[in-house]
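So the sequence lines, in the order shown, correspond to chains A, B and C.
Heads up: the first sequence runs through residues 1 to 246, numbered per the working numbering.
Heads up: the second sequence runs through residues 1 to 353, numbered per the working numbering.
Heads up: the third sequence runs through residues 1 to 178, numbered per the working numbering.
Fair warning: there could be bad hints in the mix.
Reference listing, derived: stretches of chain C covered by chain B, where coverage requires no fewer than 3 residues with Cβ under 8 Å from a Cβ of chain B [claimed, not checked]:
#, segment
1, 17-23
2, 26-33
3, 57-64
By construction, these hints were calculated from the structure, which means they are not laboratory data.
Every residue, glycine too, gets a C-beta built ideally from N, C-alpha and C.
Spelled out from the first residue to the last, the chains are:
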Amino acid sequence: MAKARKVPAIIDNPMSFCPGCGHGIVIRLIAECLEELEQDQNLIFALGVGCSSLLGGGLVTDRLHCPHGRASAVATGMKRVQPENTIVAYQGDGDAYSIGIAETINAAYRNENFTMVAINNTNYGMTGGQMSWTTMPGQVTTTSPLGRDCEITGNPLKFPELVASQFDVAFAARGAVTSPKNINKLKKYIKNGLEAQINGEGYSVIEVLSPCPTNWKLSPLNSMKRIEEELIPYYPLGVFKERKEN
Amino acid sequence: MGDMIKGNIAIAEAAVRAGIKLYAGYPITPSTEIMEYLSKRLPEVGASFVQAESELAGINMVMGAAACGVRALTASSGPGISLKQEGISCISDEELACVVINVVRYGNGLGTLYSAQCDYHRETRGGGNGDYRCIVLCPGSIQEAVDLMATAYELAEKYRIVTVMMTEGALGQMMEPCELPDFIEPKKHPWGFDGKYTYKKIGIFDRNSMDEAVELNKKHEAIKAEEQRWEEEGLEDADYVFVAFGLPGRSVQGAVKELRAEGHKVGFIRPITTWPFPEKAFENVNKDVKGLISVEANATGQLIDDVALTIKKVIKDRNVPTFCLPCVYGIPSMKFTKEGLHKIISGEIKEAY
Amino acid sequence: MREIVYAGFGGQGVLTSGLVMSQVAIFKGQNATWIPSYGSAMRGGTANCTVKYGKDTIYNPAQEDPDLLLAMNGPSFEMFYPMVKSGGIILVNSDMVDCDVNVRDDVKVYKLACSTLAQEIKQPRGANIIAAAAIIKLAGDFSMEDGIQGMNDMFRKKGKEKFEAANMKAFECGFNAV
Ligand SMILES: Cc1ncc(C[n+]2csc(CCOP(=O)(O)OP(=O)(O)O)c2C)c(N)n1
Ligand code: SF4
Ligand SMILES: [Mg+2]
Numbered sequence: 001m002a003k004a005r006k007v008p009a010i011i012d013n014p015m016s017f018c019p020g021c022g023h024g025i026v027i028r029l030i031a032e033c034l035e036e037l038e039q040d041q042n043l044i045f046a047l048g049v050g051c052s053s054l055l056g057g058g059l060v061t062d063r064l065h066c067p068h069g070r071a072s073a074v075a076t077g078m079k080r081v082q083p084e085n086t087i088v089a090y091q092g093d094g095d096a097y098s099i100g101i102a103e104t105i106n107a108a109y110r111n112e113n114f115t116m117v118a119i120n121n122t123n124y125g126m127t128g129g130q131m132s133w134t135t136m137p138g139q140v141t142t143t144s145p146l147g148r149d150c151e152i153t154g155n156p157l158k159f160p161e162l163v164a165s166q167f168d169v170a171f172a173a174r175g176a177v178t179s180p181k182n183i184n185k186l187k188k189y190i191k192n193g194l195e196a197q198i199n200g201e202g203y204s205v206i207e208v209l210s211p212c213p214t215n216w217k218l219s220p221l222n223s224m225k226r227i228e229e230e231l232i233p234y235y236p237l238g239v240f241k242e243r244k245e246n
Numbered sequence: 001m002g003d004m005i006k007g008n009i010a011i012a013e014a015a016v017r018a019g020i021k022l023y024a025g026y027p028i029t030p031s032t033e034i035m036e037y038l039s040k041r042l043p044e045v046g047a048s049f050v051q052a053e054s055e056l057a058g059i060n061m062v063m064g065a066a067a068c069g070v071r072a073l074t075a076s077s078g079p080g081i082s083l084k085q086e087g088i089s090c091i092s093d094e095e096l097a098c099v100v101i102n103v104v105r106y107g108n109g110l111g112t113l114y115s116a117q118c119d120y121h122r123e124t125r126g127g128g129n130g131d132y133r134c135i136v137l138c139p140g141s142i143q144e145a146v147d148l149m150a151t152a153y154e155l156a157e158k159y160r161i162v163t164v165m166m167t168e169g170a171l172g173q174m175m176e177p178c179e180l181p182d183f184i185e186p187k188k189h190p191w192g193f194d195g196k197y198t199y200k201k202i203g204i205f206d207r208n209s210m211d212e213a214v215e216l217n218k219k220h221e222a223i224k225a226e227e228q229r230w231e232e233e234g235l236e237d238a239d240y241v242f243v244a245f246g247l248p249g250r251s252v253q254g255a256v257k258e259l260r261a262e263g264h265k266v267g268f269i270r271p272i273t274t275w276p277f278p279e280k281a282f283e284n285v286n287k288d289v290k291g292l293i294s295v296e297a298n299a300t301g302q303l304i305d306d307v308a309l310t311i312k313k314v315i316k317d318r319n320v321p322t323f324c325l326p327c328v329y330g331i332p333s334m335k336f337t338k339e340g341l342h343k344i345i346s347g348e349i350k351e352a353y
Numbered sequence: 001m002r003e004i005v006y007a008g009f010g011g012q013g014v015l016t017s018g019l020v021m022s023q024v025a026i027f028k029g030q031n032a033t034w035i036p037s038y039g040s041a042m043r044g045g046t047a048n049c050t051v052k053y054g055k056d057t058i059y060n061p062a063q064e065d066p067d068l069l070l071a072m073n074g075p076s077f078e079m080f081y082p083m084v085k086s087g088g089i090i091l092v093n094s095d096m097v098d099c100d101v102n103v104r105d106d107v108k109v110y111k112l113a114c115s116t117l118a119q120e121i122k123q124p125r126g127a128n129i130i131a132a133a134a135i136i137k138l139a140g141d142f143s144m145e146d147g148i149q150g151m152n153d154m155f156r157k158k159g160k161e162k163f164e165a166a167n168m169k170a171f172e173c174g175f176n177a178v
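Chain A on its own, in the form it takes in the complex (with noise of 0.2 Å):
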């Protein structure tokens, strides 16, 4: 279709990324997903804080900018009471899996209908790069500048993998932005997360392993080289919880 060809109609601004930065890249696949189920016109964003505030810049479309963590529960809000919009929660790891787990771990506990994309780049990109839970072991970051001694700040945390098995969730995915192949197969992994939504099938979480050349202080390209050789041999992509119909 030539529609996913041109700008989604909802990107509008340009957005302030750096250079090689992931986001732009998922952003980009989810208003064309919306926009090929016609849903850019039936859309609430909530916006975790993070390099993922940005998105707010860019969108026109109804977006909040959330307190840092607390997307997924506001996100829990607008569905309650807009059950006909579709609701997608944008968070980063730190925004979603450390400060938000609570909330992020709760929505998916309660099946909360909406849909959490959470880009994991593996630190806190918007204050500088530190830690996060999803750092590597040995990761350097500012505040893990010897390593990620994972015996006293605990292993990188796997929320698609851990929300499948634990609780009932409606569809859970990874997948990254590595290349063309992974790429079209994470826009499936959005598309399905927002169909089961848009079904009242419940809770989808899409989680994205996305570069940050920024903070790793690597090329762009590099940097795609560091998700594949090093990210996704800890972090598999692929369907965690397949939707119940397919």
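Since the structure of chain A is provided, determine the placement of chains B and C with the ligands on it from the hints.
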């Protein structure tokens, strides 16, 4: 006359009749009956009830609903209201409208279960980070609380501000007769999200804090000019004027009546809004008044600060002494207030300002 | 204005005894307030409430100068008897209060074996209604008919009319026992 009804239940039913579409909250004594009642009642009227995982999540759910332009409610007490401050600050920043009920209990930190007014400063000064205020309503009876419930939403929506209904543990737990209001079906606000980006001003993305400050001050001035509420008596010839709100305010009214009958020239101001503080009431105070006395259910005296600041604005040619009678927790007995006056007159209790 | 304290241990139904009084006052067009001890004060097994009623506005709903005290058990008697107004009345449930109750000569103490009476009229759960009725009689503000009508009105509104006959029997028993 209505039947005996428990404060928390009456307030919850009044919220249903004011047309709330969502309640989200977490249990804590002495507020819990509000959510217990609504867990049954809201589904009956086609509205949502969410038992949130925390007060933090509860207020954020309220924010989501408020962003969609519908009436949403949360209630809590003590440490639960502390957790809500993050959300209240954000709701204020986005200029959304909602109501938060604080059924105040005594103490710092985890606190106690005693009825009190110890959150006065926090509630009347905004409470979270930043530079904002909430409208604060302080009912003195169950009937007044019920009557103020729809008002709380009207004010919140008129000014796009958070309204705090500040009750007390005792008001939530006691019973007295009360007439419940009629049902209203509030209109969805044009500024609420509809999924179509019809209204473009929610979500502050390009900030101009200088311009926003001008607007914020204009809003606060309008609220101060229009929305002061209070009850007063005997101010014109009073030697001493008591100031107290909520249940202590009501007890003080009784004490003033008895003191008058005993020949003392005393009056009272019972603020119903503590923000905006009823400054206009102070204009009616006898210019030769000997002192103002706050009676409050906390340890250190909080309301006294507003009393002292306000009388300074009204009587400029001299320093009118202000005294504080803090009863720590509970409802001060009328005896407590009357003895307090005698101690003030005899010089045993010194002025605070 | 009349002020009455109802005290006992949790499960004796003293909160309901007080509620009956307040509802009777409302039924007769008066003002009333009912305020319980709650929370931590309730744990540890004691419960109490203060009822005020009268034709005028009730300013302070909390305990101030009780005219009457219902003490359904020993600890409640010990706790509250010093607070009763001079010239006031104390009703003790003699089934549960076995300490010396002649501790003040400025108040009148009545003893009523509420639980025994409840057994006798075959309403084992009616001791609190018996006590409530006795208090209404001692307060002297309402007739037995007013009391019964007010009480029935209250239970009907709570959807508990099936206990009406039993409650009336207990009420009459208590009212006539003092
Ligand atoms: C309560 C609170 N604490 C801290 C911050 C500062 N802060 C802003 S963004 C951020 C980290 C965001 O990291 P992540 O969610 O991973 O998003 P990213 O920028 O990596 O996309 C932090 C700590 C804040 N805004 N609020
Ligand atoms: S800091 Fe990282 S996550 Fe943020 S915009 Fe730059 S590259 Fe993207
Ligand atoms: Mg991150």
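Do at least three Cβ atoms from the segment 26-33 of chain C come closer than 8 Å to Cβ atoms of chain B?
holds (count 5)
Are there at least three residues in the segment 17-23 of chain C whose beta carbon sits under 8 Å from a beta carbon of chain B?
It holds: at least three residues are needed, and the segment 17-23 of chain C offers 3 whose Cβ sits within less than 8 Å of chain B.
Verdict on chain B covering the segment 57-64 of chain C, criterion of 3 CB contacts below 8 Å:
This one holds; 8 residues, not fewer than the three required, reach chain B with a Cβ under 8 Å.
Violation of the numbered hints given earlier is absent; every hint is satisfied by the structure.
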